[in-house]
Amino acid sequence: MANSNILGPARSRVDGPLKVTGYAKYAVEFEIPKCAYAWPVESNIAKGKITAIDIKAAQTSPGVLAVLTHQNASKMADAKGLFEEFAEAHGEDMSQGIRNEQRAPLADDEIHYAGQYVALVVAQTIEQARHAASLVRVSYAPELPILTMEDASKAKKPKKKQDETIQLRKGNVEPALANQNIIRLHETYSTPTETHNPIETSGTIAAWEGDDKLTVWDSTQFVKGVQSILARSYGLKIENVRVICPFVGGAFGCKGALWPHVLLATMAARATRVPVKFHLPRKAMFTGTGHRTPTSQTISLAATSNGKLQAIKHVTGTLTSPVGEFVEVCGARSTGVMYASETIRVEETVYPVNVATPTFMRAPGECPGVYALECALDELSYLLQMDPVELRLMNHAANHPIRDVPFSAKHLKEAYQLGAEKFGWSKRNPQTGQMRDGNLLVGWGMATATYPAHKMSAAAKAILHVDGRATVQCATHDLGTGAYTAFTQISSEQLGVPFEQVTFELGKSDYPFGPVAGGSNSTGTVGTAIHEVAQLLHRALAELAVKDARSPLHGSRPNDIAMVAPGRIALRKNPVTSDSFTDILQRAGRDSITVESELKDPEENEKLAFQSWGAHFCEVKIDSLLPRVQVTRVVSVMNCGRIVNAKTARSQIIGGVVMGIGMALTEETAYDPKTGLPAIANLADYHVPTNADVPPIEVYFVGEPDYAFNPIGARGMGEIGITGIAAAVANAVYHATGKRVRDLPITPDKLI
Amino acid sequence: MNPFDYSRPPDWQAAVNSVATDAQAKFLGGGTNLIDLMKMGVETPDRLVDINRLPLAQVEELPGNTGIRIGALVRNSDLAEHPLITARYPVLSEALLSGASPQLRNLATTGGNLLQRTRCYYFYDPAFPMCNKRNPGSGCGALEGYNRIHAILGQSEQCIATHPSDMCVALAMLDAVVRVQGPAGERAIPIANFHRLPGITPNVDTNLQTNELITAVDLPAIPFATRSHYLKVRDRASYAFALVSVAAALELENGMIKSARIALGGVAHKPWRAAKAEQALAGKKVEAAAFSAAADAELAAAKGYQYNSFKIELAKRAIVQALTTVAALP
Ligand SMILES: Cc1cc2nc3c(=O)[nH]c(=O)nc-3n(C[C@H](O)[C@H](O)[C@H](O)COP(=O)(O)OP(=O)(O)OC[C@H]3O[C@@H](n4cnc5c(N)ncnc54)[C@H](O)[C@@H]3O)c2cc1C
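So the sequence lines, in the order shown, correspond to chains A and B.
For any residue, its number in the working numbering is found by taking its place in the first sequence, counting from 1, and adding 313.
For any residue, its number in the working numbering is found by taking its place in the second sequence, counting from 1, and adding 14.
Note that these hints are calculated values from the structure, not bench results.
Since the structure is predicted, the reported quantities are computational estimates derived from the model, not experimental observations.
C-beta: ideal position from N, C-alpha, C; glycine also.
Among the hints, erroneous ones may be present.
[Claimed, not checked] Calculated lysine-lysine pairs in the BS3-like style (CA-CA distance at most 25 Å, straight line):
#1 A/Lys-369 with B/Lys-53
#2 B/Lys-53 with A/Lys-596
#3 A/Lys-550 with A/Lys-987
#4 B/Lys-298 with A/Lys-1063
#5 B/Lys-299 with A/Lys-987
#6 A/Lys-362 with A/Lys-526
#7 A/Lys-526 with A/Lys-550
[Stated by the list, open to error] If the Cβ cut is set under 8 Å, some of the chain B residues that face chain A in the computed set are:
#8 Pro-17
#9 Tyr-20
#10 Leu-42
#11 Phe-142
#12 Pro-150
#13 Gly-153
#14 Gly-159
#15 Arg-250
#16 Ala-251
#17 Ala-332
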């Protein structure tokens, strides 16, 4: 049952006062003397070649310092060769940062998608740059673009890495799927292009010192990745590239890998010899920083009449751009782990189209993948006339279905149970269209949530001051998630220093390595580094103490000493013999002591499988005449190991649920079917949920700390909240109306 | 955004004069639409004539109980909450409050709302090469494009854009009169003649001359408008333009409909007065069948496109629902 020892204190954000007073400085808010401003010119054709660019009017427009195009960029930036070399290097290592597009911006005259940058105007003010950009005249030789999955699947497939079929297999699904004597289902679910739309649009300020030192203020999920890519791109020493990003105003994956605007800012600053700020307009966020690919997912299920799954087959089609590398892996890490089916098969084909490059978006793969699978499970429950929760319990997987090792600290059954209880699921009428609230149809739906536990490598530095304060540093990130607060809490607990006395610093490449803030890995990964640096700190204090004749620990062996209580180290076997951190430093005449942990590969435990779980229950109300779906209630129960901060963790789950409601009901980046330009490219037309769309959301956590996974016991929970919620909503809509909409978002037109 | 001059004249004469002597000048109201369009490069005025200091922010009763006058600078939020409006024209208050967001309504003016331009994607973003409204003769990108939010009534092959305002739908139903001042003096334009259908000149939204300043909107006295309602169907619960909307009022007598007033939003290039539905209802009993028949009559001429055909059925249902609601009002 819900285990109170998993819930850490509900601390308010340490950076909260800075944020509400406006003192939190975001990357593009740094005031750099002499900074110039960049404004992009984007292609309005989806495929073809640039035949001419007339930049005369722009160049002579007031305040303009430079107009970069493919014709002059290499000379001015002097980096084209390096970019190309870089592009050829295959299979980049995540720890070094990746570029979403291998092609360097302004590399040549080729147009691969509408919205591609074709020129960059740099001027003294942003208004001057914006106006001059409107004066650039680009002529194209357009070619017929491929814009949809349908067209791409008909076209000749280019021999590309993107075009591989990803497969996962357990046994042979086909016999069960062909067996007419058991219950079978075969349906296709589709999701549209969705765009991240953090409130802080992406942006970069680049400042060169000579030709070999570069400082970049960049809104990013990965300062060390940006540092590494820029160093490699320009052939600079790594320590000569500094990346600064103390705050991020939301990211959701669109600031994870590096986009062309970062390179353009550095190229422009190099060309003009002044610092350049390139802060993307909202519209560019729809083509320049990725989106979630649309998906088409066909799920085939076979089950015995008592509901035991015999086969799950999940066949997905997704898209990428001609210059994109990212693949939205829809089934492997969700359908491949979710249920104890006799046989499983997961396949995916990625089609290149002339549409802007997709990327990671909150729970990439799992989010659309779980949506499709969990809708199919719901459909199966009706075929079986079985309660949807019961069907899931029947197929519960204690072991990883493919690797056949036990899941660590899995408490999904409790999540179903607690969720059902809190929601009042037992009062559900299993028939569709039967529950009412006055004139409104009422529907109840549920779905499972899941997300893998990822770990990466990180290092940390700890500085303990003689007055008892501690500073801990890591080049990690706070995307608005509460990471500052969680890391302050973990530092306090691991170091043994009161919360109020700890300062946690992040967002600078000067600090020890922090991995990309992605895959819900940060709390566990950086938490592990903090755990390690705390051990080093206690060891260093022990070494000082044993040499000090005035210490009660004098003459002991450092190996026999550990922290026993906050602020004190002692003999493990006889904790009464102890000494305080501050006394040790004081007597040694030290102002402070500094230790830094080592960056090493994370320890893998092959005997267990690590995955987070959860269950969403939701209620919708729908006017049958004017059928807009209103979600009126959500209960979400999560099993993510230890929860470091009950308050910020709850916010993460709520945020995931809200984003999932958007996915289910309103969000879609539609494109013009002829030109391939996004028709929806602003926040008036891209409908994220408003407050009026968001119901009361109850969040509960169950389980136990997962110490087999890491010493913090936390599996991370930034993404799991969005998985499954769209299915829970869609399933509730079916329960209310008897109409199964398999094509998101479920807008009123689809229910008429 | 192109460079432009800015001035803030002290009175309406000076304001009209500034615009009359400069064909590229534009009045600046709340700026919530104009500035947006300037940033997109759709509007490129060389001068903004800021009218925010003109004394046009009053709501007052017209003499002899003949109606209400709304100054052109009355903010949407103030108008929506004004006691004369909530008491006598609830439909207008509801329409205003269903539009945009509180922040936008705090800035948006009555005059600016009348003149807000279409949200057609092909108009709003000059990256699209085709738009007869923005660039006459270039074609209509929406006709065979992503036309989910587009018109089903009164459109032409040249343009299938819709007028996006909620306020104007209520004004159309209420037979409002737009008062304007120009170099040639004052004139009054009935709301039905204010906005235009696209025809072959979709670049001309309204019958207002570019050098004319809207000073006020008059609402005639309509006693039965106390029994009125605005219904807006949209994709999310708040802060979205209408897929379809209905402003309706019923004059009832002994369970019979003496007269009906209906206007539709989200379906046409102008707020659409549903005359056929009104005729169909006159003299009928208050009952669901009459409402459906009226809705069918109005939408008989509707034409949908690839992505917006659903609006025809949606509009019918919305009319029925709005009339049902109005009929049940005390
Ligand atoms: C994100 C967003 C969502 C919105 N949602 C809705 C919605 O749901 N429903 C809805 O109805 N509206 C909506 N709106 C539109 C909003 O109502 C309009 O932008 C607003 O009413 C325009 O008023 P304004 O005073 O700001 O006009 P401005 O932008 O100042 O001006 C608009 C035009 O009117 C002209 N003008 C202004 N005043 C006068 C005058 N007195 N005489 C002559 N010409 C004048 C200007 O020159 C300009 O051409 C939305 C807007 C935004 C940005």
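Here's how the hints hold up against the structure:
1. A/Lys-369 with B/Lys-53: holds (22 Å)
2. B/Lys-53 with A/Lys-596: holds (11 Å)
3. A/Lys-550 with A/Lys-987: Measuring from Cα to Cα gives roughly 46 Å; hence the hint is violated.
4. B/Lys-298 with A/Lys-1063: violated (33 Å)
5. B/Lys-299 with A/Lys-987: violated (49 Å)
6. A/Lys-362 with A/Lys-526: With Cα atoms ~35 Å apart, A/Lys-362 and A/Lys-526 exceed 25 Å; violated.
7. A/Lys-526 with A/Lys-550: holds (8 Å)
8. Pro-17: With Cβ-Cβ at 6 Å, under 8 Å, it holds.
9. Tyr-20: Cβ of B/Tyr-20 sits 13 Å from chain A, so the hint is violated.
10. Leu-42: Where the cut-off is 8 Å and the nearest Cβ of chain A is about 17 Å from B/Leu-42, the hint is violated.
11. Phe-142: Check passed: Cβ of B/Phe-142 comes within 6 Å of chain A, closer than 8 Å.
12. Pro-150: violated (19 Å)
13. Gly-153: Violated, about 11 Å.
14. Gly-159: Constraint on B/Gly-159 satisfied, holds at 5 Å.
15. Arg-250: Holds - the Cβ of B/Arg-250 comes within 8 Å of chain A, reaching about 5 Å at its closest.
16. Ala-251: holds (4 Å)
17. Ala-332: holds (6 Å)
Comparing the model with each numbered hint stated earlier shows that hints 3, 4, 5, 6, 9, 10, 12, 13 do not hold.
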